[in-house]
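Residue numbers (the numbering used here), protein chains in the order written: chain A, 768 to 909; chain B, 768 to 909; chain C, 768 to 909; chain D, 768 to 909; chain E, 768 to 909; chain F, 768 to 909.
There could be a bad hint or two in this list.
Identical copies look the same in the list; a pair holds intra-copy or inter-copy alike.
Said to hold, decoys possible - Subject to a maximum C-alpha distance of 25 Å in a straight line, what follows is the list of computed DSS-like cross-link-like pairs (lysine-lysine): (1) K830 - K843; (2) K857 - K843; (3) K857 - K798.
Calculated directly from the structure, the hints in this document are not laboratory data.
6 protein chains.
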Amino acid sequence: MRITRRERFSAAHRLFRSDWDDEKNLEVFGKCSNPRWHGHNYVLYVTVEGSVNVDTGFVMNLKSLSHIIKERVIEKLDHKNINLEVDFMKDRLASTENLAIGIWEEIEGPIAEQGVRLHCVRLIETENNFVEYFGPQRDADL
Amino acid sequence: MRITRRERFSAAHRLFRSDWDDEKNLEVFGKCSNPRWHGHNYVLYVTVEGSVNVDTGFVMNLKSLSHIIKERVIEKLDHKNINLEVDFMKDRLASTENLAIGIWEEIEGPIAEQGVRLHCVRLIETENNFVEYFGPQRDADL
Amino acid sequence: MRITRRERFSAAHRLFRSDWDDEKNLEVFGKCSNPRWHGHNYVLYVTVEGSVNVDTGFVMNLKSLSHIIKERVIEKLDHKNINLEVDFMKDRLASTENLAIGIWEEIEGPIAEQGVRLHCVRLIETENNFVEYFGPQRDADL
Amino acid sequence: MRITRRERFSAAHRLFRSDWDDEKNLEVFGKCSNPRWHGHNYVLYVTVEGSVNVDTGFVMNLKSLSHIIKERVIEKLDHKNINLEVDFMKDRLASTENLAIGIWEEIEGPIAEQGVRLHCVRLIETENNFVEYFGPQRDADL
Amino acid sequence: MRITRRERFSAAHRLFRSDWDDEKNLEVFGKCSNPRWHGHNYVLYVTVEGSVNVDTGFVMNLKSLSHIIKERVIEKLDHKNINLEVDFMKDRLASTENLAIGIWEEIEGPIAEQGVRLHCVRLIETENNFVEYFGPQRDADL
Amino acid sequence: MRITRRERFSAAHRLFRSDWDDEKNLEVFGKCSNPRWHGHNYVLYVTVEGSVNVDTGFVMNLKSLSHIIKERVIEKLDHKNINLEVDFMKDRLASTENLAIGIWEEIEGPIAEQGVRLHCVRLIETENNFVEYFGPQRDADL
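Chain A with its partners taken away, still in its complex shape (with noise of 0.2 Å):
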């Protein structure tokens, strides 16, 4: 049985590497390089998986899942600057791919300390554009 949850988050970005000029990272990025950034309305589901609860009919409760989520991640990121504010992306291409992988490490410890795994972490960038991560094992396992 999984059990996901939405929340959601607006913030600012770049594609860009600092070690290619503005001509390579247009090149390479197009648009989403603005060096004077542009932003998101970024959706995020996150799902767990386990089994339900006999006391509870849960799987897990979903008050608790909504605040980890928005401890660990929204208020890390919601009216953000991806590039420059977010302590998990430091260092780290701020793609959509990434920002999944970085909120996947964020949330996974304490989702599994409610007696659940994380099955996956789905972050929709425009109504056109999605990533879904399964993490680091079934990426492994490909």
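Add chains B, C, D, E and F to chain A, keeping to what the hints say.
Just chains B, C, D, E and F now, with coordinates in the frame of chain A:
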């Protein structure tokens, strides 16, 4: 190949255990335990898996799938009280997880009779919360 | 200039008149008259109208608007029984129309105190049904 | 008869006044005043009004409408910083209200040249917040 | 008070004039003039206006409204070819605008018989394009 | 890690077999067999799987993915008749299932050339119906 049919129902429910007092119910279930009920527009996605029939180009006729879901699930749940009026939820906590399991049990047989396999019951309670159930076998494999 | 704030609540209700018997209620209100209740995820859009404040660039601070709606409407309706527990719906048929009127009456005063005018209460009951109320004056003009 | 075209853009911005100190900006604009920016996926609905052309069955060719919006608005805003890079937002607080006014001024003329009247600019900042601007005449009538 | 009912239909159509050659049709209507048709999932919102009935709390019974729309519009349009099979579109260019006018004419009478006034026909062709028709009187007032 | 790109197309089609008479086609395919066609706004989600490139932070450049889908699929399907005009649907029943298989075959090679693996083609025909195809290998494993 998987095909999915969406159906909807509106129902009342509450989360509570009769062997707990009101205080304990409130502590665990919060406002969802309100004794005078609340309700939701539930959205149900039923996914079945099978190979494509060469004659029809279908995994399964969606009219048949819709008919099974409506007869077995929607007619029993729509505009009903899940705690008091739904036979397959008797003696079960009216959580979204348990409701998904109940729906699975109602439709698995009739769907198997069509020569396809029920893959997933996804039940959306609010735009922020949903569950996915993949059957008792998948649960046992975890 | 108009600005709109969306808020949501989940509630139980039924359509019925105590001065009609069950048969008559069923005839007029159909399955919506189920004595054991059903419920919805209501979506509420509140639109206010005013000129743009030169200092802030706002018609009205959306945090204030959200606060008024939450305090006056959402706290009273969310996870409640509209027929039994909502003071401003007492002695009113719990139709979407009447609920929109009740919501208007709850928030019109506090919104006017902010120097803007309440323009519309849009209340969505299901993805197929919604109502829009523009206040008693507009109704009288028709 | 009214026709509406939807277009989208992603941009960074912040709400602040240079003649206020950081404390005052934070007090009025909250987290939206973050000096390092944040951003949104804005959704823009442009509605024009006119009679149906007997030859084409159109109020206005939607390709022309889309072209005007893209050239005058989307190219200037998409993947940009609204405060720093958008000519028509210079010396204007980057609120959604002011952005809607700026968009109106950019497209009103070119749309009028097509023989139809710009009726409304609706600008959606998040799923919970949007503004609608009906032009300076309508504002003056209030 | 206004209430709105949503209904849907899927249909094929093309934009073209038989008194123009293919080149001219292509120039004006672009790919929408493809002689072998294309199609859409149309979404129709019908809004009616009236006062709230004291007995029922309704402006109009939504079951009656849905019945009128289905009988007069959906049955004629759903899974049909708009150019070839829809009586009320005969001799009319199959544009979204003209389709909205045709729908208005089909349902205005039956809705008036219910004691309410048809206010608006909103017809959504794609997520980026829709039209709104408010009747011949409103058009004449412009 | 998986990334998904959404694209859309509007097309006409009908479900029928030329070796069946009209009566048999109507019996099996219902109104979807209308000889004069109907159509849909199809929504296509293409999901690819791979590891994150250290240089770019991308599984795959979404511009390249979008370009492949547009060139191989959207240009062939958008504003077309699926039964009559789409090369890769020749001699195939125009069901959503077969269309998903056809789309998979069109894009699998070009996507593999980018160093990633096509994971899923999800094709949404209406808000109530969609199919997901995971390739011939997955089908064989069932």
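Structure-based check of all given hints:
1. K830 - K843: both (19 Å within a copy, 20 Å between copies)
2. K857 - K843: This pair counts as within: shortest intra-copy Cα distance 12 Å, inter-copy 30 Å.
3. K857 - K798: Both: 22 Å inside a chain and 21 Å across chains, each within 25 Å.
Checked against the numbered hints listed earlier, the structure breaks none of them; every hint is satisfied.
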